[in-house]
Amino acid sequence: MKGNFGSFVKKESLHILRDRRTMLVVMLIPVMLMSLFGFAISTEVNDINVAVVAPQRTDGIKDAVKRLSQNSYFTFRGYINADDIDKELRSGNVNAVIVFASDYDRRVAQASQGVPVAPIIQLIVDASNVNTAGAATAYMQNMLSGAESRQAMFETRMLFNPQMKSAYNFVPGIMGLIFILVCAMMTSVSIVREKESGTMEVLLVSPVRPIKIIFAKMIPYFIISCIVLATILLLARYLLGVPMSGGVAGIFSLSLLYLMLSLSLGLLVSTITDTQMAALLISAMVMMMPILMLSGMLFPIENLPVFFQALSNIVPARWYIDAVRKMMIQGEPITVVWQNCVILLVMTITILCISLKKFNDKLE
Amino acid sequence: MNAIEIHNLSKSYGKVHALKDVSFEVKQGELFGLIGPDGAGKSTLFRLLTTLIAPDSGSASLNGLDIVKDYRSIRSCVGYMPGRFSLYPDLTVEENLQFFAALFGVTVEESYELVAPIYRQIEPFRKRRAGKLSGGMKQKLALSCALIHRPKVLLLDEPTTGVDAVSRSEFWEMLAGLKKHGITILVSTPYMDEASRCDRIALCNEGQILGIDTPNGIVQGFDSPLYGIKARNMFALLETARNADGVTDCYPFGEWHHIVTDGSFNPDMFIREFERIDGLEITPVEPTIEDMFIKLMKR
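Those protein sequences? They're chains A and B, same order as listed. Under the working numbering, residues 1 to 364 are what the first sequence spells out, in order. Under the working numbering, residues 1 to 299 are what the second sequence spells out, in order.
None of these hints come from the bench; they were simulated from the model. Here the structure is a predicted model, which is why all the values come from computation and not from measurement. Treat the hints loosely; a few may be bogus.
What the hints assert, rightly or not - Result set (DSBU-like, lysine-lysine): computed pairs, CA atoms no more than 35 angstroms apart in a straight line: (1) Lys-27(B) x Lys-87(A); (2) Lys-195(A) x Lys-212(A); (3) Lys-212(A) x Lys-69(B); (4) Lys-298(B) x Lys-357(A); (5) Lys-127(B) x Lys-195(A); (6) Lys-195(A) x Lys-179(B); (7) Lys-10(A) x Lys-69(B); (8) Lys-20(B) x Lys-358(A); (9) Lys-10(A) x Lys-20(B); (10) Lys-127(B) x Lys-357(A); (11) Lys-87(A) x Lys-132(B); (12) Lys-179(B) x Lys-357(A); (13) Lys-15(B) x Lys-27(B); (14) Lys-298(B) x Lys-15(B); (15) Lys-195(A) x Lys-230(B); (16) Lys-230(B) x Lys-212(A); (17) Lys-69(B) x Lys-358(A).
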């Protein structure tokens, strides 16, 4: 009865193709998320508006301001009076104000001669966005310290992601998220839809083993996911400029494994739910939340409380995102992340076994 | 060998006894009707016979195959049409039929001559999505799909529910046509008027079989004289008649009330006794299956 497998796949593809809206959403979500995280949502320090308060515009101060305005991350908004600091910050015209002490030049000169006095600079930063404020402060300190003291100079080199582009960080996260969305959610919903509409009853009362129908269901979703995967990789490479120096083949193979895992998860969800709504909720709440919170996509796992760190071990996306990051950004070959591969493989097999065991060819 | 044999079959869902100790047989090639209201256990019986659920106790067989032991083999020789519309609304008429053919490992061409009398009626719409068909056409498509693999036993769970009167009548004619192919058909319906279309019927209620016979046999089993009564105030009449001498039961029946009587009842006496009632009429009526059902149900 091998011949009819093709017709099952055909039927399933028809379902998907006829549901144009869902299809469009699935294809557009990756593009949207990539652009969103790549450009709009960013934790980079970019375009910080800075004003300067200086009692006298001495050479030293002019020199510091010049360096500031040459830096692409800062925009120099001009000199202001000390009385206006609060007003300017509140109005949002500036994000930070640098206040130079009146004897700035003298102190700088003394410091360069080895006298233990420190030039005084005050940074007043709008901390309503903590991330921006923190990063801006650190960066301004770093930049200005070069001018004020030659005693200790740091030379910092950022490896792998020298511009600290947050897109690099998000691309693996988005991939971890999107495949769960496409594979797990859509397969589970499409299987449960057959239960809900009563067609499952007819399918079960046929000589074909239902599991065969289920696998036929997965194939179109697998193909869609591959298209989505290709889209993401292309966008990452050419739109966001993620290096992927480790080679695309490794990333692709690992992603295929992750796709299988997502499909198995979808099957598992479909075996424990009876309505599309429940399948959707489980996929969204039980699977998406851990991916967002516990996978290292948004927050570094090392920063989580110990309990959640332990919990993150069972979130498949954690291992996937970690591995993709290594391959995509650090340019490691797939052999380096073999542990992640093994963990994902074991997870896939386990989930698949559980769901096959739970999948019932009766109604109860 | 009987096509369907059911012995003391019981099934409960938690505390609800959906089916209580049901036994009956359906002969080869018979059109057998299960007549009963919602909640009579008809669907449960179908699900048991289609091996979708397992019985709590008792046994049943289709074509000699046990519903528990041989459930895999049963699934290839049975055609099943569940109570609700269970085709793919987003696939066309043609695609649905082709899919169900593939499901059973046959082609539409192989079985075309069996389904043709039914399918031909919807063939002009073969490019239309199944969800956009009318109720009657959906029914025909569902029946075509259930027949596509030439099943020996056809199980139809309330196929005419929610279908207009003309389509219902057509549907029963189609079933009669299928009998010529020797297909055994077990069909359930809540409509008593459809019972006469069956070779034999089983009246069921609350998980039990109340009686099994040919539709004529069932009607003949109604041995009390039955009258129809009518008056301007039907509601008051119901109460009055129930308390009248010689009346064992009175219930609304369409435009009339039917009164079941014992030997002592005399219609002339009844008219005379209640002549004060405005517009009172009484006429003897032939009992129907519904009358029998009500009688059996109240027993």
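Checked hints:
no., hint, verdict
1, Lys-27(B) x Lys-87(A), "violated (95 angstroms)"
2, Lys-195(A) x Lys-212(A), "holds (16 angstroms)"
3, Lys-212(A) x Lys-69(B), "holds (22 angstroms)"
4, Lys-298(B) x Lys-357(A), "violated (47 angstroms)"
5, Lys-127(B) x Lys-195(A), "holds (25 angstroms)"
6, Lys-195(A) x Lys-179(B), "holds (31 angstroms)"
7, Lys-10(A) x Lys-69(B), "holds (33 angstroms)"
8, Lys-20(B) x Lys-358(A), "holds (29 angstroms)"
9, Lys-10(A) x Lys-20(B), "violated (43 angstroms)"
10, Lys-127(B) x Lys-357(A), "violated (39 angstroms)"
11, Lys-87(A) x Lys-132(B), "violated (65 angstroms)"
12, Lys-179(B) x Lys-357(A), "violated (41 angstroms)"
13, Lys-15(B) x Lys-27(B), "holds (33 angstroms)"
14, Lys-298(B) x Lys-15(B), "holds (23 angstroms)"
15, Lys-195(A) x Lys-230(B), "violated (49 angstroms)"
16, Lys-230(B) x Lys-212(A), "violated (62 angstroms)"
17, Lys-69(B) x Lys-358(A), "holds (20 angstroms)"
Checked against the numbered hints given earlier, this structure breaks hints 1, 4, 9, 10, 11, 12, 15 and 16; the rest are met.
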